[in-house]
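One-letter residues, chain by chain:
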Amino acid sequence: MTTDRAKEKAKALLLPLAVLLAFEAWARATHLQSDSLAPPSEIIMALAGAFADFSILTATRDTLFSAFAGLAIGTVIGLALGIAFGISDTLNRLMEVTVEAVRPIPSIALLPIALIALGFGYRMEIVIVAFACVWPILILSRAAVRSIEPRLMEVSRALRLPAAQRVWKIIIPAALPRIFVAFRLSAGIALIVAVTVEIAINPLGLGAGIMLAQQALRPDLMLAYLVWIGAIGYALNILLVVAQHRLFGRAALSGDSA
Amino acid sequence: MKTILATLAVSLALTGAAVAQAKIQVGCTATSDCASAMVAIDESIFKKHGLDVEMTPIGINSNIPAAILSNSIQIGGPTSTVFLQAVDGGLDLVAIAGASVMSPVNQDSIAAFVRNGITIKEPKDFVGKKVGAPGLNAFLHVLFVKWLVDKGVDPRRVNFVEVTFPTMSDIIKSGGVDAVLTAEPFVTRMLNAGLGSVGARYAVELARTEPIIFYAASREWADKNAVAIKKFRDAIAESALIVNGDREKASASIAKFTKQPIELVKATPPNQSEPVLKPEQLSWWIEVMSSQKMLQSRLDTAKLVLK
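Taken in order, these protein sequences are the chains called A and B. Mind the numbering: the first sequence is residues 76 to 333 in the numbering used here, read in order. Mind the numbering: the second sequence is residues 307 to 613 in the numbering used here, read in order.
Note that these hints are calculated values from the structure, not bench results. A few of these clues could be false.
[Said to hold, decoys possible] In silico lysine to aspartate or glutamate, EDC-like type, Cα no more than 20 Å apart, as pairs: (1) B/K354 - B/E544; (2) B/K435 - B/D398; (3) B/K479 - B/E490; (4) B/K565 - A/D295; (5) B/K565 - A/D128; (6) B/K537 - B/E349; (7) B/K609 - B/D529; (8) B/K562 - A/D295; (9) A/K244 - A/E224; (10) B/K530 - B/D358; (11) B/K572 - B/E554; (12) B/K536 - B/E526; (13) B/K613 - B/D398; (14) B/K565 - A/E224; (15) B/K562 - A/D128.
Keep in mind the model is a prediction, meaning the values are calculated, not measured.
Please take these sequences and the hints and turn them into a complete structure.
Written as structure tokens, this is what we have:
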């Protein structure tokens with residue numbers, strides 16, 4: 076069984092490998108001279124070089140720090156609002172216009188204002204990532220709270236639990252699998268937004284690394300950064316999927332259908 | 307009472323000293339224009355003048371005014387066009403020292419590069435062509451439009467699009483644009499790759515000596531840091547001599563800051579460094595930009611440059 080699966084996985088790798096080899100052969104045959112493309116062998120060398128001088132590791136630290144800090148802040152705010160809106164119909168109706176008016180603003184559109192108000196650095200990036208992460212968490216956690224089994228709420232009323240305990244002991248545990256799906260979604264968004272902010276303005280992290288490599292006419296290094304960002308995104312997703320299955324087991328499946 | 311005053315004076319002096327020693331961040335794009343600041347760091351010229359300076363690479367020049375106002379950088383190297391548009395838009399910036407100026411050396415390196423299959427014999431041949439500029443309303447674009455106007459060609463009949471420097475050779479190769487407004491080392495690289503020919507050396511024909519990029523700060527910061535600015539100017543003047551006279555040292559510093567391969571940097575002469583900036587040097591830019599309807603107000607050159 077396991078060998079079959081390994082074989083299947085190996086087969087899936089064949090196509091990308093063949094494409095890379097073909098590209099390498101083509102680049103060598105045509106003596107590729109480009110400021111935006113580089114053969115895979117050069118990209119691997121550039122990646123190794125960037126690891127050797129720690130530049131890519133520092134950049135990774137900066138990007139992940141901003142992405143995770145923004146994700147954490149966005150999650151806390153989104154969760155608090157989502158649960159409040161999920162519990163109180165009145166609050167939800169009152170806030171609906173505001174939420175629907177602010178939510179469609181692309182987080183990147185805030186960049187010019189954020190630059191003047193906050194300047195370069197972690198702070199600006201974290202604020203923009205947090206803004207982007209609030210919405211999916213808010214919407215999904217609101218839906219999750221609303222779809223909690225009504226009998227659980229009846230139990231909490233029968234037990235006369237105070238509001239804080241009702242949230243902590245009944246609502247959050249019941250909605251957690253779905254909230255985690257929202258968190259997974261936001262984690263992907265956080266990484267995308269963080270790198271985009273760095274490409275557009277912020278002179279730190281992996282996005283700035285891409286821009287600097289491009290301006291330095293090093294397409295190999297630029298693409299090495301790109302490959303590395305892909306690897307980080309892939310690893311992050313695997314980590315979250317594993318965490319989801321470990322933490323929630325079968326309940327995670329119900330979350331996926333949300 | 308006396309002791310209180312004395313303590314106050316001492317603490318004021320201490321904070322004053324602390325302000326003077328605070329690190330100054332200088333933000334520039336990855337070009338050779340701010341070479342005087344790069345060399346001043348590498349050759350410890352800032353340090354010699356008692357300044358602690360660090361350079362921040364900035365991706366897009368037009369972000370520099372906002373970066374200055376947010377105090378992320380205290381001094382920036384905007385192009386003349388970016389600076390004048392920012393001030394025209396109401397940002398209170400002031401030029402504090404000169405960086406690079408147009409000179410025969412860099413005029414020679416600026417060109418409108420035309421792809422294979424297109425021939426440009428005279429300026430009016432650009433009519434109806436798709437021309438890629440590294441930034442619309444930025445330095446090369448404004449110069450090219452000025453050149454077209456001088457030659458009696460209506461720039462509105464040329465189709466301008468934005469093409470960044472690193473993507474130029476690929477876009478020219480694919481025929482995505484008919485021409486690009488570019489400079490060295492890109493001209494030589496594209497010529498060597500056989501991608502096309504030089505359509506016009508428009509900067510040579512304009513033959514100007516106005517500033518390309520200069521050092522600017524917010525007026526508020528400049529007013530509070532008169533001593534630091536004096537030191538900055540002295541250091542830049544000293545290091546400009548190295549930029550203009552010692553290609554080896556200048557190239558090493560430029561390669562270090564821009565991360566460009568050293569061979570590539572050495573292949574292109576750095577832009578002429580001119581540490582002194584006079585208000586009247588901005589008049590030509592104001593006139594050209596006003597005629598291209600890029601400025602709304604009448605700017606007073608005397609206020610634009612710090613005395």
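Hint by hint, which ones does the structure fall short of? Hints 2, 14 not satisfied by this model.
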